[in-house]
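*Asks:* Here's the letter readout for the chains.
2 protein chains.
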Amino acid sequence: MTSKFTINAAGRKVPTEVNGKPVIPFQGVGKYHPIGKKAAPPIRSCANYPADGNKLVPDLKTALLKAGIKNGMTISTHHHFRNGDFVANAVFDTAAEIGVKDLMWFPSASFPCHEPIIQHLERGVVHHIEGSMNGPLGDYCSQGKMRGLGVLRSHGGRYQAVQDGEVHIDVAVIAAPTADAFGNANGVAGPSACGLLGFALADAQYADQVIVVTDHLVDFPCLPWQIHGNWVDYVVKMEQIGDPNQIVSGTTEITRSPDRLRIAELAAQFVKEAGILRDGFSFQAGAGGTTLAFAIFLKEMMQEAGIKARFVRGGSNKYLVEMLEQGLTDYILDGQTFDLEGVRSMRENRNHINTSPFTSYNYHGKGNFASMVDVVVLGATEVDLNFNANVVTHSDGRLLHGIGGWQNCLFSKCTILTIPAFRDRIPVIVDEVTTLTGPGELIDVVVTERGIAINPLRQDLVRALENKNLPIRTLIEIKKEIEEICGGQAARPALLEKPVAVAKWVDGTVIDTIWQVPANL
Amino acid sequence: MTSKFTINAAGRKVPTEVNGKPVIPFQGVGKYHPIGKKAAPPIRSCANYPADGNKLVPDLKTALLKAGIKNGMTISTHHHFRNGDFVANAVFDTAAEIGVKDLMWFPSASFPCHEPIIQHLERGVVHHIEGSMNGPLGDYCSQGKMRGLGVLRSHGGRYQAVQDGEVHIDVAVIAAPTADAFGNANGVAGPSACGLLGFALADAQYADQVIVVTDHLVDFPCLPWQIHGNWVDYVVKMEQIGDPNQIVSGTTEITRSPDRLRIAELAAQFVKEAGILRDGFSFQAGAGGTTLAFAIFLKEMMQEAGIKARFVRGGSNKYLVEMLEQGLTDYILDGQTFDLEGVRSMRENRNHINTSPFTSYNYHGKGNFASMVDVVVLGATEVDLNFNANVVTHSDGRLLHGIGGWQNCLFSKCTILTIPAFRDRIPVIVDEVTTLTGPGELIDVVVTERGIAINPLRQDLVRALENKNLPIRTLIEIKKEIEEICGGQAARPALLEKPVAVAKWVDGTVIDTIWQVPANL
Chain A
1 MTSKFTINAA GRKVPTEVNG KPVIPFQGVG KYHPIGKKAA PPIRSCANYP
51 ADGNKLVPDL KTALLKAGIK NGMTISTHHH FRNGDFVANA VFDTAAEIGV
101 KDLMWFPSAS FPCHEPIIQH LERGVVHHIE GSMNGPLGDY CSQGKMRGLG
151 VLRSHGGRYQ AVQDGEVHID VAVIAAPTAD AFGNANGVAG PSACGLLGFA
201 LADAQYADQV IVVTDHLVDF PCLPWQIHGN WVDYVVKMEQ IGDPNQIVSG
251 TTEITRSPDR LRIAELAAQF VKEAGILRDG FSFQAGAGGT TLAFAIFLKE
301 MMQEAGIKAR FVRGGSNKYL VEMLEQGLTD YILDGQTFDL EGVRSMRENR
351 NHINTSPFTS YNYHGKGNFA SMVDVVVLGA TEVDLNFNAN VVTHSDGRLL
401 HGIGGWQNCL FSKCTILTIP AFRDRIPVIV DEVTTLTGPG ELIDVVVTER
451 GIAINPLRQD LVRALENKNL PIRTLIEIKK EIEEICGGQA ARPALLEKPV
501 AVAKWVDGTV IDTIWQVPAN L
Chain B
1001 MTSKFTINAA GRKVPTEVNG KPVIPFQGVG KYHPIGKKAA PPIRSCANYP
1051 ADGNKLVPDL KTALLKAGIK NGMTISTHHH FRNGDFVANA VFDTAAEIGV
1101 KDLMWFPSAS FPCHEPIIQH LERGVVHHIE GSMNGPLGDY CSQGKMRGLG
1151 VLRSHGGRYQ AVQDGEVHID VAVIAAPTAD AFGNANGVAG PSACGLLGFA
1201 LADAQYADQV IVVTDHLVDF PCLPWQIHGN WVDYVVKMEQ IGDPNQIVSG
1251 TTEITRSPDR LRIAELAAQF VKEAGILRDG FSFQAGAGGT TLAFAIFLKE
1301 MMQEAGIKAR FVRGGSNKYL VEMLEQGLTD YILDGQTFDL EGVRSMRENR
1351 NHINTSPFTS YNYHGKGNFA SMVDVVVLGA TEVDLNFNAN VVTHSDGRLL
1401 HGIGGWQNCL FSKCTILTIP AFRDRIPVIV DEVTTLTGPG ELIDVVVTER
1451 GIAINPLRQD LVRALENKNL PIRTLIEIKK EIEEICGGQA ARPALLEKPV
1501 AVAKWVDGTV IDTIWQVPAN L
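Residue numbers (the numbering used here), protein chains in the order written: chain A, 1 to 521; chain B, 1001 to 1521.
Keep in mind the hints are simulated off the structure, nothing from the lab.
Using N, Cα and C, we set each Cβ at its ideal position, and we do this for glycine too.
One should not assume that every hint holds.
[As the list claims (entries may be wrong)] Short derived list, chain B residues pointing at chain A, Cβ under 7 Å:
# : residue
1 : Gly1036
2 : Asp1164
3 : Glu1166
4 : Gly1367
[To be verified] Quick list of in silico lysine-lysine cross-link-like pairs, PhoX-like style, CA-CA up to 25 Å:
#  : chain 1 : residue 1 : chain 2 : residue 2
5  : B       : Lys1318   : B       : Lys1299
6  : A       : Lys66     : B       : Lys1037
7  : B       : Lys1066   : A       : Lys37
8  : A       : Lys37     : B       : Lys1237
9  : A       : Lys299    : A       : Lys498
10 : B       : Lys1318   : A       : Lys37
11 : A       : Lys308    : A       : Lys318
12 : B       : Lys1004   : B       : Lys1145
13 : B       : Lys1272   : B       : Lys1308
14 : B       : Lys1031   : A       : Lys21
15 : A       : Lys66     : B       : Lys1272
16 : B       : Lys1308   : B       : Lys1468
17 : B       : Lys1318   : A       : Lys31
18 : A       : Lys13     : A       : Lys101
19 : A       : Lys318    : A       : Lys31
20 : B       : Lys1070   : B       : Lys1237
21 : B       : Lys1037   : A       : Lys37
22 : A       : Lys70     : B       : Lys1037
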């Protein structure tokens, strides 16, 4: 479907056009300077909305019809329920019932629970998906079965794309655990409470039509109004919008692997020895077993040293909530709750703060929070000798993960990747990453169970760690050791010449292409 | 300066062009349907903002220069300090020092403390003012001394004008009682706490350049962030941004006049007898001695009847705060704090909610809060027999008041004007209002000390009040009685044929013209 390619500033072959629209190849970190103006939604008038504020319509079908759903439109949903979302499937089942075709689904992320969308892709209801595809949908895309190209964006990149008008959302459907009939909505209360609704912020602000779907309708005013009713066209009540227990799925259990625990501990020791662990500091630990363990090691060090953080960035979980409640941090600045303790804390604690991709991650704003964080600890599937990293594909080329906030977090003052040296005997340090997701110049430290490598660009960190009791090594040394254990380098997958998706950088440029995997994979 | 006029749908003579731009004459309530898209601010990039989030510059002059201030630009400020604002004068003193000319000042309102701006108007630093002009600036404008036309907008109309691109703000200067170096800001904390910053919301969202000026700088994150640092370009610390004691000035003392107390009591009795006073109801009482007294009478009735409001709209004051703290309302939805108890309550009480002209008043949104309020009680300077009312000029034609939220509030389910029958022996019920600010079809009830008149359009209210022990009369009856007392009708002022300002309706159309007063007035 795409015939022209170019080589971008990172040396990656990328298409010049994606889904019929020209795209800009990656030009280097901070090198692309956007021009022009933000997207401008249509001006509305109160004369066309009910004076009593009651925007309730009987069901999702009525709402979609009133919103003017038609062939080829872009429909968005959010993923605060993670693998427990009931609304996106309901939206496309309803669209199928209405008989519309060729929709673009623009989720903030999709999960295994969204596998039923495959039938809508097969039958033509959905044309393609732009958004993280975790699990079966990523696999489906990898096999070249989707009619359009997948477009992977970071959380900040998704906000940027909508804000800048790269993606125009025709109809946004926002699953809201609590809402009033005016459309004010939040995620902290109600039987399906999922925490917050920040991933739906761009959708609410910029979509032509906004539908709030709730299973817990309260009298006006619904407070806090994480989503303003002033952005909302229709409100629908349905029986259950999601299963909040499924928020926990996937990425929110602490590792029990001795190797990964060692990695987590090394990372925490690095933070301490580098002098980052000091009163008023800040950190972010992504979702995933190793980074959760890192947070717990760090917490112990903070308690020992009597150190208090100014803020901790969530994805929140019970461990971060404990830190807040024990006075180890002034605030949690939270972008998504990863468990029900996070939800409870956000509801009850004024210092557990609801943030959004706009405040935290949007690269096309007047600054954002990500670059103000002292240290962030993230995972990766692969890293090369120049610290370039991959977070979306496995070494076999299959697309299985979304970017999440990962790219955005790379702008922290110190970015640490915690990675096992090999997975299933496949080395994780490679000559060339399968998919470039993060430029090495933004990755400061790689921590494996076999040692810690500091990016030579960060001579300040190199100096700070001299003569400390930590296994500082070069990436080359670690790579060689791994290859000796694994019996050689990672085998390069023989991918087809057909692109199935692209990964965008935080500024909307194309940083890499995801290629179709062979049929036998 | 304006030569062409037309007669609008309310029969008022209005210019077809204001300050060099074509304007749309008022077309009737709900009759003008906007087309087109909202204003679109330029896309920015984090690459051009400090990665550590520190946007501090040494002083206001540096900030204005960095913001690129130049001749003819539009500079905005907010009025949450009311008569205690120190920042607007500092801005134009600095602009004068820099040497720029012909600026348009776009305050959310101006007060007597801003009298020094007159010298900047005289010397050419400021070309004209678009915004409410209370006191000396209104008088100056009335005398035809300003080079451009004043443009009076309601709070909602100001948001609408910025949102719709009718007014483009080049540089917004936001006085913030607490801020961090990133620009996150609020009004609830700090030595100059003034409550909230909602009047600066449109400015922060849509201005090209945004400067936050604070006298209380805190470590990131400043919470709550009523203004997002993500909208802010520069932060300036100055010694004192305002005198919060002056918030109370003007409109926030309860009347001691027996006539006005009777008016307030009659209004409260009307609300009770009309069946509006019921569990879960809502009300708004504007600033001003009579409406404050109304709220107190209403409170007593609520206590007697065991009735709890769902929400009360502020401008908040100690009386509303008492109601919240005594459990007489679930929430205060507050647009500005009118005293320091309001400030304290908003800081401490999670149910004292910070709102904005966007949520409450913007007519070009997907609904707003104003039309959902069960009853609102407002003042007026004049009302005619068709219930048309004036709130900006006195009967002598002088422009002395801003519109505030008055026009926006008219959309409530029941709008009551509480007015003394005459002022200084000048009847307040007139044949024709000096300036039409509110169309009579939106004004349901007029309460004077000499009786209550119900708009015949509201037959439901007429029926509800039948056989109740209240002095229901027609406006004609009340008018005749007043004229007998005052010795005739109100003398019509002999205004000049030169317009000095226009009053906009909530949808941006021109509802009336304010004409120059004679030199001897």
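*Asks:* For every hint, state whether the structure bears it out.
*Replies:* Cross-check of the supplied hints:
Interface hint status for B:Gly1036: upheld, as the beta-carbon distance to the closest one in chain A is roughly 6 Å, under 7 Å. At its closest, the beta carbon of B:Asp1164 sits 6 Å from a beta carbon of chain A; the interface hint therefore holds under the 7 Å criterion. Proximity of B:Glu1166 to chain A is violated relative to the hint, the smallest CB-CB distance being about 11 Å (cut-off 7 Å). For B:Gly1367, the shortest C-beta to C-beta distance to chain A is roughly 4 Å, which falls under 7 Å, so the interface hint holds.
For the given pair, B:Lys1318 sits about 13 Å from B:Lys1299 by alpha-carbon distance, which is consistent with the 25 Å threshold. Straight-line distance between C-alpha atoms of A:Lys66 and B:Lys1037 comes to about 21 Å, which keeps the hinted pair within the 25 Å bound. Among the hinted pairs, B:Lys1066 with A:Lys37 is consistent with the structure: their alpha-carbon atoms are about 21 Å apart, no more than 25 Å. Restraint check for A:Lys37 and B:Lys1237: the C-alpha separation of about 30 Å exceeds 25 Å, so the hint is violated.
At most 25 Å may separate the alpha-carbon atoms for a hinted pair to count; A:Lys299 and A:Lys498 exceed this at roughly 47 Å. A threshold of 25 Å between alpha carbons decides the hint, and for B:Lys1318 with A:Lys37 the separation of about 44 Å lies outside it, so the pair is violated. Of the supplied pair hints, the one linking A:Lys308 and A:Lys318 holds, its CA atoms being roughly 18 Å apart against a limit of 25 Å. This hinted pair checks out: B:Lys1004 and B:Lys1145 have alpha carbons roughly 20 Å apart, not beyond 25 Å.
Straight-line distance between C-alpha atoms of B:Lys1272 and B:Lys1308 comes to about 13 Å, which keeps the hinted pair within the 25 Å bound. Our distance criterion of 25 Å between C-alpha atoms is broken by B:Lys1031 and A:Lys21, whose separation comes to about 39 Å. Taking the CA atoms of A:Lys66 and B:Lys1272, the gap is near 39 Å; set against the 25 Å cutoff, the hint is violated. Taking the CA atoms of B:Lys1308 and B:Lys1468, the gap is about 23 Å. The hint holds against a cut of 25 Å.
Pair hint B:Lys1318 plus A:Lys31 does not hold up; C-alpha atoms about 54 Å apart against a cutoff of 25 Å. Only pairs whose Cα atoms come within 25 Å are accepted, and A:Lys13 paired with A:Lys101 is rejected, the gap being roughly 32 Å. For a cut-off of 25 Å, the pair hint linking A:Lys318 to A:Lys31 is broken: about 39 Å separates their Cα positions. With a C-alpha separation of about 22 Å, the suggested pairing of B:Lys1070 with B:Lys1237 holds against the 25 Å cut-off.
Our distance criterion of 25 Å between C-alpha atoms is met by B:Lys1037 and A:Lys37, whose separation comes to about 12 Å. Of the supplied pair hints, the one linking A:Lys70 and B:Lys1037 holds, its CA atoms being roughly 21 Å apart against a limit of 25 Å.
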